[in-house]
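Peer 1: Residues per chain are reported as follows:
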Amino acid sequence: MKQRSELEPLLEDVFLDERVESLKASIRSACMAELSGKRGHRFRWWLVPAAAAVLLVALRVFVILEGEIPAPVQPDTPSYYVFTRPLDSGRLVTTSSSAVEPHRVHARSDRHFLVSRQEVVDVVRTEPTGRIGTLTDEEMLALFAGIPCALIEKGDNRKALIFIHAEDESRFMPKLGG
Amino acid sequence: MREPGPARARARSGQQEKAALRDMTSKIARGDEAAFNGFYEIYFSRILRYLLVVSGGWEEAVHDAMQESMIRILRNMKPFDDPGAFWNWLRRVARTAFIDQVRKERRFDRPLPRSVFEKSGEGEADDPDAELEALLASCLEDLDSAERNLIEGKYRMGKSYEDLARELETTPKAVESRLARTRKKLKTMILERLKP
Chain A
1 MKQRSELEPL
11 LEDVFLDERV
21 ESLKASIRSA
31 CMAELSGKRG
41 HRFRWWLVPA
51 AAAVLLVALR
61 VFVILEGEIP
71 APVQPDTPSY
81 YVFTRPLDSG
91 RLVTTSSSAV
101 EPHRVHARSD
111 RHFLVSRQEV
121 VDVVRTEPTG
131 RIGTLTDEEM
141 LALFAGIPCA
151 LIEKGDNRKA
161 LIFIHAEDES
171 RFMPKLGG
Chain B
1001 MREPGPARAR
1011 ARSGQQEKAA
1021 LRDMTSKIAR
1031 GDEAAFNGFY
1041 EIYFSRILRY
1051 LLVVSGGWEE
1061 AVHDAMQESM
1071 IRILRNMKPF
1081 DDPGAFWNWL
1091 RRVARTAFID
1101 QVRKERRFDR
1111 PLPRSVFEKS
1121 GEGEADDPDA
1131 ELEALLASCL
1141 EDLDSAERNL
1151 IEGKYRMGKS
1161 YEDLARELET
1171 TPKAVESRLA
1181 RTRKKLKTMI
1191 LERLKP
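Going line by line, the protein sequences match chains A and B. Letter 103 of the first sequence, counting from 1, is numbered 103 in the working numbering, and no numbers are missing. Adding 1000 to a residue's 1-based position in the second sequence gives its number in the working numbering.
Honestly, the hints are just simulated from the structure, not real lab data. One or more of the hints may lead you astray.
[What the hints assert, rightly or not] Below are the DSS-like pairs computed for lysine-lysine, each with C-alpha atoms no more than 27 Å apart in a straight line:
| id | chain 1 | residue 1 | chain 2 | residue 2 |
| --- | --- | --- | --- | --- |
| 1 | A | Lys-154 | B | Lys-1173 |
| 2 | B | Lys-1184 | B | Lys-1173 |
| 3 | B | Lys-1159 | B | Lys-1173 |
| 4 | B | Lys-1184 | A | Lys-38 |
| 5 | B | Lys-1078 | A | Lys-38 |
| 6 | B | Lys-1185 | B | Lys-1159 |
| 7 | B | Lys-1185 | B | Lys-1173 |
| 8 | B | Lys-1159 | A | Lys-159 |
| 9 | A | Lys-24 | A | Lys-38 |
| 10 | A | Lys-24 | B | Lys-1104 |
| 11 | B | Lys-1173 | A | Lys-24 |
| 12 | A | Lys-38 | B | Lys-1104 |
| 13 | B | Lys-1018 | B | Lys-1078 |
| 14 | A | Lys-24 | B | Lys-1078 |
| 15 | B | Lys-1195 | B | Lys-1185 |
| 16 | B | Lys-1173 | B | Lys-1104 |
| 17 | B | Lys-1159 | B | Lys-1195 |
| 18 | A | Lys-24 | B | Lys-1027 |
| 19 | B | Lys-1104 | B | Lys-1027 |
| 20 | B | Lys-1027 | A | Lys-38 |
| 21 | A | Lys-24 | B | Lys-1195 |
| 22 | B | Lys-1195 | B | Lys-1184 |
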């Protein structure tokens, strides 16, 4: 703050006449309105994190409640079609598997070996066979004796094997190529 | 080596002044009314006089710009430690508000002195009150002896209206009116001498 000189009180009074006093009062009122707006503005800023916290809590409650609602019931298991047709005799094979330790494999002209980084590899030998067989509906159903299933006709020589329980279906269908 | 007493007292006083300024400006920035009122009482007249000096005594335009100046100061207030830096900032805000006000109202009926467009510290006195006080001193010399004696009795000797009324064989109310007229005369003389 600057030092007050001897003339300063007179200087203040010279320039602070009635008109300026009135101006000073009106400007003070305008400034007070501005100040209250400033405080209100600050208050609104404080509301932002509070609103964010409330939103998070509400979201959390919603997620919890959502978890308690039972999942919608899946519709009935759909039926899968099984297409069967006789294979050519040349495409029928028999397979037999055996385990071979890779270090003991000896190359032979009439054998093909699979090479793997695994310590034990499965060697599958295939040999042509001349036999071919077909299953009747009864023989097919006999394969699933004790498992609730049905074979239904769909027309166009198509038949569908239907499992009553979903777990049976997931157990057998991948193997049947469903 | 210990500081000499007066120097140490000045340093302590300076620290207190900085702390008080920081406290006041921080509170105003947060919207504290009491702090603003304190600031207003100290700085309203000083800013007004500053604008009168830089505008070349253009009282009407200064009055119009005062509200905008104070609102801008209020909106942009930030904590200050240094009184000099604070005053520089205040007068920069006030001067800019004054120029904007003149341009907005297209008041080109009177030329502005160059000092109003110069940055703080460039070509303008650090303390515009010093310029006003010099003008006031010269104007006092130009008053007639009765008016000068009245002013000196009140402001230099600190006499009351009653004392002055007894000396002049009149009423305190008459003394008060005569002083008001003399102050108005001084103001007119100063504003006239401030014109570019």
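Peer 1: Look at each hint and say if it fits the structure.
Peer 2: For each hint, the structure was consulted:
Between A/Lys-154 and B/Lys-1173 the CA atoms are separated by roughly 121 Å; this puts the pair beyond 27 Å, and the hint is violated. About 17 Å separates the Cα atoms of B/Lys-1184 and B/Lys-1173, which keeps this hinted pair within 27 Å; it holds. Simply put, B/Lys-1159 and B/Lys-1173 have alpha-carbon atoms about 14 Å apart, close enough for the 27 Å limit, and the pair holds. For the given pair, B/Lys-1184 sits about 38 Å from A/Lys-38 by alpha-carbon distance, which is inconsistent with the 27 Å threshold.
Taken as a hint, the B/Lys-1078 and A/Lys-38 pair is honoured in the structure, with Cα atoms around 13 Å apart against an allowance of 27 Å. Using a Cα cut-off of 27 Å, the hinted pair B/Lys-1185 and B/Lys-1159 holds, with the two alpha carbons roughly 21 Å apart. Between the alpha carbons of B/Lys-1185 and B/Lys-1173 the distance comes to roughly 19 Å, so the proposed pair stays at or under 27 Å and holds. For the suggested pair B/Lys-1159 and A/Lys-159, the alpha carbons sit about 125 Å apart, so the restraint of at most 27 Å is broken.
Between A/Lys-24 and A/Lys-38 the CA atoms are separated by roughly 20 Å; this keeps the pair inside 27 Å, and the hint holds. Annotation: proposed proximity of A/Lys-24 to B/Lys-1104 holds, straight-line Cα distance about 22 Å (limit 27 Å). Annotation: proposed proximity of B/Lys-1173 to A/Lys-24 holds, straight-line Cα distance about 25 Å (limit 27 Å). Restraint check for A/Lys-38 and B/Lys-1104: the C-alpha separation of about 25 Å stays at or below 27 Å, so the hint holds.
Between the alpha carbons of B/Lys-1018 and B/Lys-1078 the distance comes to roughly 14 Å, so the proposed pair stays at or under 27 Å and holds. Under the criterion of a C-alpha separation no larger than 27 Å, the hint pairing A/Lys-24 with B/Lys-1078 is consistent with the structure, at around 23 Å. Among the hinted pairs, B/Lys-1195 with B/Lys-1185 is consistent with the structure: their alpha-carbon atoms are about 16 Å apart, no more than 27 Å. Between the alpha carbons of B/Lys-1173 and B/Lys-1104 the distance comes to roughly 43 Å, so the proposed pair goes past 27 Å and is violated.
Straight-line distance between C-alpha atoms of B/Lys-1159 and B/Lys-1195 comes to about 33 Å, which puts the hinted pair past the 27 Å bound. At roughly 21 Å between alpha-carbon atoms, A/Lys-24 and B/Lys-1027 fall within 27 Å of each other, so this suggested pair holds. About 32 Å separates the Cα atoms of B/Lys-1104 and B/Lys-1027, which puts this hinted pair outside 27 Å; it is violated. Taken as a hint, the B/Lys-1027 and A/Lys-38 pair is honoured in the structure, with Cα atoms around 12 Å apart against an allowance of 27 Å.
The suggested pairing of A/Lys-24 with B/Lys-1195 holds, with an alpha-carbon distance near 24 Å, which does not exceed 27 Å. Our distance criterion of 27 Å between C-alpha atoms is met by B/Lys-1195 and B/Lys-1184, whose separation comes to about 17 Å.
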